[in-house]
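Q: The residues making up each chain are set out below.
Protein chains: 2
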Amino acid sequence: MTTVTLLHPGAMGASIGSALTQNGHTVLWVSKERSQTTKQRAADAGLEESEFRTALNRAEVVISVTPPGVAVSVAADVADEGFDGVYVDMNAVAPQSATQMAALFPQFVDGGIVGPPAWERGTTRLGLSGPRTAEVESLFAGSTIETIDLGPEIGKASAFKVSFAAWTKGSGALLLLVCAYARSQGVESELFQEWERRGMGMETKSTTVAQQMGPKSWRFGDEMREISDAVEAAGLGTGLFKHAGETFDRLAHLKNATDRPLTLEEVTRDLLDAPPAQ
Amino acid sequence: MTTVTLLHPGAMGASIGSALTQNGHTVLWVSKERSQTTKQRAADAGLEESEFRTALNRAEVVISVTPPGVAVSVAADVADEGFDGVYVDMNAVAPQSATQMAALFPQFVDGGIVGPPAWERGTTRLGLSGPRTAEVESLFAGSTIETIDLGPEIGKASAFKVSFAAWTKGSGALLLLVCAYARSQGVESELFQEWERRGMGMETKSTTVAQQMGPKSWRFGDEMREISDAVEAAGLGTGLFKHAGETFDRLAHLKNATDRPLTLEEVTRDLLDAPPAQ
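If you read the protein sequences in the order shown, they are chains C and Y. One rule links them: number in my numbering = place in the first sequence (from 1) + 14. One rule links them: number in my numbering = place in the second sequence (from 1) + 14.
Hint data in this document are derived by calculation from the structure and do not stem from the laboratory. Warning: the hint list may mix true and false statements.
No copy is singled out in the list; a pair is fine if it fits within one copy or between any two copies.
What the hints assert, rightly or not - No more than 25 angstroms apart at the CA atoms, straight line, and that leaves these computed lysine to any residue pairs for SDA-like:
| # | residue 1 | residue 2 |
| --- | --- | --- |
| 1 | Lys219 | Phe206 |
| 2 | Lys230 | Ala116 |
| 3 | Lys230 | Ser185 |
| 4 | Lys230 | Gly96 |
| 5 | Lys53 | Ser203 |
| 6 | Lys219 | Phe154 |
| 7 | Lys219 | Ser185 |
| 8 | Lys53 | Phe119 |
| 9 | Lys219 | Trp209 |
| 10 | Lys230 | Arg211 |
| 11 | Lys219 | His267 |
| 12 | Lys219 | Gly249 |
| 13 | Lys53 | Ser152 |
| 14 | Lys53 | Pro166 |
| 15 | Lys219 | Gly60 |
| 16 | Lys219 | Gly136 |
| 17 | Lys53 | Thr252 |
| 18 | Lys53 | Ala148 |
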């Protein structure tokens, strides 16, 4: 059995921690300055509260599950403490960011999670790449987290996640922009009628996107910028994902709007009312 | 019955000309420097060959159906001849471009076509806006072209078309970019498997987009830039549609690749091999 430190148990992280504790591993987390909600979530997942240095000293493996905008700084904080076990970055970052983090550690595994928090098997897959992939895979054997071995090269797991999110979230941003544009020009109902006539189902899809992505937009902006870096580095140009990121930035205030289903009207109005990006 | 000059009978224009001749109207077209294919297409649609000045002198209505990048210059050429009948721009341009063209004519109608060339009823709709909309609608009464009256304001018909094309073509560009990115990183098969597992049908969709949009990409670049202008003018930011336009520009050489169905592999390879935009 392995001792793992998990940074940090948000909704996704808690489900990953839970999969590990159910496999018999000890999972530590760092509770300093974390909310009561997070504490409860970690306790429910069977995680053990710890202090940062203690958690790193005890851990053979550190797993990072954070918003993409802080992935590199979390890795730097851990590296600064001289951590020499296996560091697994599971965040939605560009392969370039994964390579940058890999340089900080003697043992690094690149990870990318596709799907929702993994409370049941079949919903969520963890792509892994790097020379130590097999060790990380074995931690999750038989758990709710299905792993995919993407080979020994750092960056592949991030590229897999980038590819999947680029369509799912990129198309969500595009659809919200299109609906906001149509609304601004007074042709929204004509657009919806045209989609309906052609059986495209896009009005329903737009409403679903507004509901599901609205409250998560606060972290999609940074993810889109990682995707933008990845796509540009592949020689495919730039602009699309930055604009998608700015579109999500305009909805960041909906982070806590989870007490009711957001409407498409509300989300497109907020896109139109938001101040332009800096 | 009305005498109409149609500039110019491409695949879409010919179907519009045919709808008019079948309604008993006389439709002129300007054959100078046009290809044999275009001449045949115009003859099949029942259009009458003419010289530019003669066509404008005889016409009560001029209809422009051109690639979006030349819409404004075609309008300027007609205005320079002092045409004072009804000028109908049916091109995929930003509302701002429609307003700019409207200023050149005493009588202007804004139009936007949604759907393929209209050889049968039910596939294609023509949005119209401006004070003279009813006159243009009456030309097409009962024909294969269904009209939508979008009111007296110039720009609404263009906004309707922008909205529809922004999703259809924007999502096509996004999907091709995503597939090209995954290919460049060696994670294409893992991405396709993930889409398949989730029943998203995106590999099939990507192949369809490559086949259908590849040969039309040469004119989608300019259309995306019109959409970009429209979205930016609505205060919704910029970048997404410009990048989509550059993506289509990279495929412009596929204009004549209509002798065989294009493969997704071929199209993504061309995206990756293309020199970056200027």
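Q: Now tell me if each hint is right for this structure.
A: How the hints compare with the structure:
For a Cα distance limit of 25 angstroms, the shortest separation of Lys219 from Phe206 qualifies both inside one copy, at 11 angstroms, and across copies, at 21 angstroms. In this assembly of identical chains, the alpha carbons of Lys230 and Ala116 never lie at most 25 angstroms apart, being 28 angstroms within a copy and 43 angstroms across copies at closest. Taking the shortest Cα distances, Lys230 and Ser185 sit within 25 angstroms of each other both inside one copy (15 angstroms) and across copies (21 angstroms). In the homo-oligomer, the alpha carbons of Lys230 and Gly96 never lie at most 25 angstroms apart, since the shortest distance is 33 angstroms inside one protomer and 56 angstroms across protomers.
Neither within a single protomer nor between protomers do Lys53 and Ser203 lie at most 25 angstroms apart by alpha-carbon distance, with minima of 46 angstroms and 39 angstroms respectively. Proximity of Lys219 and Phe154 under a CA criterion of 25 angstroms is satisfied in neither setting, with 34 angstroms inside one chain copy and 33 angstroms between copies. With identical chains, the CA atoms of Lys219 and Ser185 are at most 25 angstroms apart both within one copy (11 angstroms) and between copies (13 angstroms). Neither within a single protomer nor between protomers do Lys53 and Phe119 lie at most 25 angstroms apart by alpha-carbon distance, with minima of 29 angstroms and 69 angstroms respectively.
In the homo-oligomer, the alpha carbons of Lys219 and Trp209 lie at most 25 angstroms apart both inside one protomer (11 angstroms) and across protomers (17 angstroms), since each shortest distance falls under that limit. When the C-alpha separation of Lys230 and Arg211 is checked against a cutoff of 25 angstroms, the pair qualifies only between copies, where the shortest distance is 24 angstroms, while the shortest distance within a copy is 31 angstroms. Taking the shortest Cα distances, Lys219 and His267 sit within 25 angstroms of each other inside one copy (22 angstroms), while across copies they are farther apart (34 angstroms). For a Cα distance limit of 25 angstroms, the shortest separation of Lys219 from Gly249 across copies, 23 angstroms, qualifies, whereas the shortest one inside one copy, 31 angstroms, does not.
In the homo-oligomer, the alpha carbons of Lys53 and Ser152 never lie at most 25 angstroms apart, since the shortest distance is 27 angstroms inside one protomer and 69 angstroms across protomers. Taking the shortest Cα distances, Lys53 and Pro166 never come within 25 angstroms of each other, neither inside one copy (35 angstroms) nor across copies (60 angstroms). In this assembly of identical chains, the alpha carbons of Lys219 and Gly60 never lie at most 25 angstroms apart, being 37 angstroms within a copy and 43 angstroms across copies at closest. In this assembly of identical chains, the alpha carbons of Lys219 and Gly136 lie at most 25 angstroms apart whether taken from the same copy (23 angstroms) or from different copies (24 angstroms).
Within a single copy, Lys53 and Thr252 get their C-alpha atoms no closer than 40 angstroms, and across copies no closer than 41 angstroms, so neither meets the 25 angstroms cut-off. For the identical chains of this complex, Lys53 and Ala148 are neighbours neither inside a copy (31 angstroms) nor across copies (66 angstroms), given an alpha-carbon limit of 25 angstroms.
In this structure, the hints that do not hold are numbers 2, 4, 5, 6, 8, 13, 14, 15, 17 and 18, in rising order.
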